[in-house]
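All chains, please: the whole structure from these sequences, using the hints.
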Amino acid sequence: MSKIKTAFFCNNCGYESAKWLGKCPACLTWNTFVQEVIEKPVSGSDARWKEHAETKKNKALHLNEVEGSNEQRMQVEDDELNRVLGGGIVKGSIVLVAGEPGIGKSTLFLQTGLSFTNKKVLYISGEESAQQIKMRANRIGMHPENFYLLIETKTNIIFSEIKKLRPDIVIVDSIQTIESNLIDSPSGSVSQIKECAAEFQRYAKDTATPVFLIGHITKDGNIAGPKILEHMVDTVLQFEGDRHYAYRILRTLKNRFGSTNELGIYEMNAGGMRAVSNPSEILISQKGDEVLSGTAIAASLEGMRPLLIEVQALVTPSVYGTPQRTVSGYDLRRLQLLLAVLEKRGGFQFAMKDVFVNIAGGLKMEDPSIDMSIITALLSSYEDKPVSHKDCFAGEIGLNGEIRAVNRIEQRIAEAEKLGFERIFISAHNKKSFENQKFTIEIKEVSKVEALYRMLF
9 MSKIKTAFFC
19 NNCGYESAKW
29 LGKCPACLTW
39 NTFVQEVIEK
49 PVSGSDARWK
59 EHAETKKNKA
69 LHLNEVEGSN
79 EQRMQVEDDE
89 LNRVLGGGIV
99 KGSIVLVAGE
109 PGIGKSTLFL
119 QTGLSFTNKK
129 VLYISGEESA
139 QQIKMRANRI
149 GMHPENFYLL
159 IETKTNIIFS
169 EIKKLRPDIV
179 IVDSIQTIES
189 NLIDSPSGSV
199 SQIKECAAEF
209 QRYAKDTATP
219 VFLIGHITKD
229 GNIAGPKILE
239 HMVDTVLQFE
249 GDRHYAYRIL
259 RTLKNRFGST
269 NELGIYEMNA
279 GGMRAVSNPS
289 EILISQKGDE
299 VLSGTAIAAS
309 LEGMRPLLIE
319 VQALVTPSVY
329 GTPQRTVSGY
339 DLRRLQLLLA
349 VLEKRGGFQF
359 AMKDVFVNIA
369 GGLKMEDPSI
379 DMSIITALLS
389 SYEDKPVSHK
399 DCFAGEIGLN
409 GEIRAVNRIE
419 QRIAEAEKLG
429 FERIFISAHN
439 KKSFENQKFT
449 IEIKEVSKVE
459 ALYRMLF
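Going by the numbering used here, the letters in the sequence shown line up with residues 9 to 465, in that order.
Derived from the structure by calculation, the hints contain no laboratory data.
Remember, it's a predicted structure, so these values are computed and weren't measured experimentally.
For glycine and all other residues, C-beta sits at the position ideal for the given N, C-alpha and C.
Take these hints with a grain of salt, some might be off.
[Stated by the list, open to error] With a straight-line cut-off of 30 Å between C-alpha atoms, the simulated DSSO-like cross-links for lysine-lysine are:
#	residue 1	residue 2
1	31	99
2	440	426
3	426	452
4	456	426
5	67	27
[Claimed, not checked] What follows is a list of derived Cβ distance ranges for each label pair:
#	residue 1	residue 2	range
6	261	398	34 to 40 Å
7	172	66	15 to 21 Å
8	26	289	52 to 58 Å
9	139	392	54 to 60 Å
10	240	351	37 to 43 Å
11	74	430	54 to 60 Å
12	398	334	25 to 31 Å
13	254	69	47 to 53 Å
14	341	392	23 to 29 Å
15	250	143	23 to 29 Å
16	324	149	45 to 51 Å
17	430	142	50 to 56 Å
Encoded structure:
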């Protein structure tokens, strides 16, 4: 038995300290340190999945001596997951999937595992029984021959089964429930999550087997347990969305094998997760023939993908002394800034008005290019005059009331043209960023908020 030592870990962020601290120096929270007993593993126990532990001697190599190799990727039937991973699953990669409990992580990756017909998949569950997973698989409607299920939480038993089965893909649901006999701490503790993730990482690299680790996040949006997990894995995916809406977003936070600007959009239904190939049509499809005031279409970007979304605004006289500012899916401070610009530069009296802003579909938008559509929806509701449903907007608003240029304007214009819009309003400073002759849609260039108001109302 090796020497046993104790350490103190922050339950919120995973910061390690040799002694107890009242306040965590990393996340600045109070009374979150707990003591855990750490038992160091004996030599050679890391290679428990191998037939025999091999000793390797590493030496320094010149860069020209290193043999280059192309990444071998496995294609998934899910095009959204392929896009988020950078073109497919890289062999030997370890992927961490984080999301709130109940958001649909287990459903998505059970569906992903069931979709492989020519690969041997091992799904390890420490949370649900085999009967529960069987019921979910029946609901999804897939029954492949090479899908195996293991209900276990001990890593020594898990790797013993892996050694017998030799799967092509391993999915662990969830990393918080797995525990190693090399650590004398309960499952879900900081040291257990660290050690279990490290064992799966070594297995993935030594055997070139891709491993998916599913993990829950805290109420603050952080991955429960240590933040060190984000540094240990190759890819971090965030699965997010509002439970009251059907849409979910799979966002890349870190990717060693691809771009971090990609995202995938899913719709949750009775048969599992449906990949949404053209989300713009869905996000604006609920508009009827009747044109109402207070709505505008924004040509925005989420990651590398252009999205056309509907922005709704309602401006009413304030009944009480203090006017309300309520937003859904948008930054409240950004709304207050835009209202101040309209007050100062446009002369509109919003000081005694209640203002409500909503991004349709339950999405949360941070793209500054939707500023122009927010302004348009606010003015439309203020004047009670509708904007044509064939118009869309892409532009950032500055503090002086100017409309600033946005990036990748060609993609936004092309998306608006593809969906049948007749006019798109952009910043006049964007005119050098694209060729006008390429598009049939009418492009309106605007430089000031006052000019936008005169053109629309």
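Cross-check of the supplied hints:
no.	hint	result
1	31 / 99	violated, 41 Å
2	440 / 426	holds, 22 Å
3	426 / 452	holds, 17 Å
4	456 / 426	holds, 27 Å
5	67 / 27	violated, 37 Å
6	261 / 398: 34 to 40 Å	holds, 37 Å
7	172 / 66: 15 to 21 Å	violated, 30 Å
8	26 / 289: 52 to 58 Å	holds, 57 Å
9	139 / 392: 54 to 60 Å	holds, 57 Å
10	240 / 351: 37 to 43 Å	violated, 50 Å
11	74 / 430: 54 to 60 Å	holds, 56 Å
12	398 / 334: 25 to 31 Å	holds, 29 Å
13	254 / 69: 47 to 53 Å	holds, 52 Å
14	341 / 392: 23 to 29 Å	holds, 27 Å
15	250 / 143: 23 to 29 Å	holds, 25 Å
16	324 / 149: 45 to 51 Å	holds, 48 Å
17	430 / 142: 50 to 56 Å	holds, 52 Å
The structure shown violates the earlier hints numbered 1, 5, 7, 10.
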